[in-house]
Amino acid sequence: MSTHIVDYDEAVDRWDPVLGLEVHVELGTRTKMFDGAPASFGAEPNTQTTPVSLGLPGALPVVNRTAVESAIRIGLALNCEIAESCRFARKNYFYPDVPKNFQISQYDEPIAHDGHLDIELADGTVFRVEIERAHMEEDAGKNTHVGGETGRIHGADHSLVDYNRAGVPLVEIVTRPITGAGERAPEVARVYVQTLRDIFRTLGVSEARMERGNVRADVNVSIRPEPGAPLGTRSETKNVNSLRSIEQAVRFEISRQAAVLESGGTVIQETRHWHEDSGTTSQGRVKSDAEDYRYFPEPDLMPIVPDRAWIEVLRAGLPELPAVRRRRLQREWGWSDVEMRDVANAGALSLVHGTVELGAAPAAARKWWMGELSRVANAGGVELEDLPVSVAQVAQLAALVESGDLTDNLARQVLDGVLAGEGDPQQVVEARGLKVVSDDTALLRAVDEAIAANPDVAAKIRGGRVQAIGSLVGGVMKATRGQADAARVRELISQRLGI
Amino acid sequence: MSTISRHEVVRVAALARIELTEAEIDRLAGELAVIAAAVARVSEVATPDVPATSHPIPMWNVMRDDVPVEPLPVDEILAAAPEAFEGRFAVPQILGEDA
Amino acid sequence: MTELTRLTAAALAAALRAGEVSSVEATRAHLDRMAEVDGAYHAFLRDNAADALAAAAVVDAARMRGEDLSPLAGVPIAVKDNIVTRGLETTAGSRILAGWIPPYDATLVTKLRAAGMPILGKTNLDEFAMGSSTEHSAYGPTRNPWDVTRIPGGSGGGSAAAVASLQAPLAVGSDTGGSIRQPAAVTGTVGVKPTYGGVSRYGLIALASSLDQIGPVARNVEDAAILHEVIGGHDPRDSTSLPDAVAPFADAARHGDVRGMRVGVVLELGGEGYQDGVRASFEAALDLLRDAGAEVVEVSCPSFDFALAAYYLILPAEASSNLARFDGMRYGLRVEPKDGPVTAERVMAATRGAGFGDEVKRRIILGTHALSAGYYDAYYGSAQKVRTLIQRDFTAAFAAADVLVSPTAPTTAFRFGEKIDDPLAMYLNDVATIPANLAGIPGMSLPSGVSGDGLPVGFQILAPAHEDIRLYRVGGVLERALEARWGGPLLDVHGVNGAAE
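Chains as they are written, first to last, in the working numbering: chain A, 1 to 499; chain B, 500 to 598; chain C, 599 to 1099.
Note that these hints are calculated values from the structure, not bench results.
From the three backbone atoms N, C-alpha and C, an ideal C-beta is built for every residue, glycine too.
Warning: the hint list may mix true and false statements.
What the hints assert, rightly or not - Label-pair ranges, simulated between beta-carbon atoms:
hint : chain 1 : residue 1 : chain 2 : residue 2 : range
1    : C       : Glu687    : B       : Gly529    : 33 to 39 Å
2    : C       : Thr993    : B       : Pro547    : 18 to 24 Å
3    : C       : Ala648    : A       : Thr144    : 38 to 44 Å
Excised from the complex, chain A in its bound form (with noise of 0.2 Å):
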């Protein structure tokens, strides 16, 4: 059966879309949460355990003091108040990949609270998001479904478990209902976790890659007649990995929820599935105790009074954050905003800004990210950051042209090697021979056979006809296979036939 769904433009025509969106970092710290296993990407399954986090009898907890620093930090550069004193506390249920069967994490005293984030949209306006609290938690391991017709949860014969993940620290940023966006909100939905991530990485408190799910986004949705009337029942859609399935997502459950209300029916408080390939949520599996989680404060761990002198030593420790870096780089390369607006909404700003500091030139930069290589990403569905090439790699081709080794047509040969793994673009240039051809000898020699060759084109050339000459420069181009600069062609047959 096949969801039905109303058109989107009709849909925010007719409804005010609401959303809430929770978002779960995961740290980058050397060890969990609340042991001391390594909490490293990659091992073997099952490699990186101790009693804690297998949730073995007998084990006991004990807090991560640079997650707890990672979290204050957050906490501030969402303008945030950092608690005075907080607890942890036990989330209760049943879950093969959850090893006590409960979650340390906070319930009634996160953390952090009251804050926001001030996003900026494609067209340039800010749009505030309200934060009402980031707290700690730790993370389950991941459980793996086998058997079945598609291997996937439902008709799956048994799951295997790996505890790795098992404890590693995780912050969970909850926003306040974000109203007011209507038609925008799919946007304002992806450009939102696109900003978090964007302060993950500045901070260095995670490396942020949603495909590694280091970022993981929880979208809540609703819709009502109309701004200022009471919020409907919402859905909430796990399972989005990237910034692309969060925007389709909001898109889509908009659309279903109208299409339900439309004809009459109500919108379930349910949790739903998002699936990538069609681009569509599905009803999740209805839990009878979904909610009676049992929370109580975790016994075996003691309170966090963060001491406020710390707080503001953090404070001022913290890194410039991406909207002050954005203004300042704007006046720097003295980019116009809609040039920076486009860079920084193609998620290319990092990029960019890594290139430059690497040696190129910010509009050289700008030219490589946001026109082979965005083309290239938008092909392969992908996004930039996850091309496998660096921003060392583009710095170096950039400044393979700006020294005349390259041509642009050749930089673009060379970085489809860089792109096809082929190596730095150095490298690339050397094992395909691309370089130009910049030794005049070399090029008056082809020159001179183009001309034997052309007699009658020369003679036009000679008799006033100048744009002949592209004919000639073509067939040079030619015979040097591309590997030389057109220009420095031109002019060495000018020169030729004394025009």
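Dock chains B and C against the given chain A, drawing on the hints supplied.
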């Protein structure tokens, strides 16, 4: 008056993932009704002005440095597993929500 | 060889230091004793013979080399089976952990090994330490060496019986509401619950996290003190662990003096519900303290009337959460449902249904209910408030007295089956011991004599938090006075283990 009816025992047993026989449910409901009535008297003295104590000996800011320790040997932990496969714990089909 | 098992731990340690006996000999003597008598008592769930003898040999060799050794080096010890021992099965007295071999040691065990104390075996307990009689062990009860038709107390009946029957000179237990102290009382031994956080809980299979403590079980106050010094101290792996340095408990036990001390009798921990013989023994002990120069005063702690109710809310609530991890997924028992789909949820339910005993199920259900949405404030929330009131009462009482005293338990050892069908009646055994756990303060039970029924009676001493040393001071003085009256240690005088050869 007790808050633990037979119906409540069934609900809570499901919440706590404990399979009970009908006879057990009946017996527990009876026993727990008595116990619950006895312990309910705590609310008599638990007035709003009295703060709750969750930790008997007050301490705070007990934390550790972000320094790795030797993890458990994977063979030893999997040896205790009822079922293991390719380095992971094998558990039966999960019907709940995707994590 | 039989003589070795009659030595106190202090005397055995001295003999070892003097080279009069080796640890291998001492350990073997106790293992032989276990083989000889434990069929009758079932204090142990399993022995650790090979490992114990190997550890003993290592200590003997180190002593030969003249190395600096711990005060109790070479003295064997028994460990309650809810304390995790690497490579040695640990069951917590439950079917759900049958056959579980832990991959790590509790901090306590690490300390015992470092101190060169061979571990004789794991002792029996009520399942997951829930009980006051050891009748709730899934592996059968332990019998009181004083009278095998009677319970040895609980939950740590195994450790107390092992020490009382001379199978071990020392043991370690855990105390959540009296599980060290009450068995000590009914077996004529000494048991101590340290200040909460005084001994590391890392590796103690948790029952109620805010109430549990590990503590020493011994035949006399000095032995308990020496052991307490070995096992106490800060542990960075336990966030609730106290930063306090270990105090000179043994010295206080040997040389303590109560002149000028104010001993407070808690009115609410006595009176109705306490056996006549128990009260008489208690009063007689108070007289001895007066003779030794202490001033006996009366104090009232009205909130103690609510202690049992608060305890039987806090414990089940925390336990219901602590025991959630036993689900058949990662270790221990796994049971599949008899019919229907084999899903994780149904396997968990079937495993827990089959693996947990009645008392455990009772408390998990009660605790889950108490934490449930809508019930939290009335139950768990209120119980935590009663806790505050109890702490306040103790604070006021300790302003008027240096230590507080009471009978440890209302009755002497009752017979098997007497209270098993009446949970509330069973819970009442802990009425005198529970307040200390709620407040986190330390407590000791030592024998004050025997009752008219020929069974031992326990005398409880309580001290303010961090003041465990007062227990040993007062306990030492009282024990010396009592033994002078009896003509020797209680266990010897009453021939519990037969006349000395």
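Hint-by-hint comparison with the structure:
The beta-carbon spacing between Glu687/C and Gly529/B, approximately 36 Å, falls within the hinted interval of 33 to 39 Å. Checked against the hint of 18 to 24 Å, the pair Thr993/C and Pro547/B passes, with Cβ atoms roughly 21 Å apart. The hinted range of 38 to 44 Å is satisfied by Ala648/C and Thr144/A, whose Cβ atoms lie roughly 40 Å apart.
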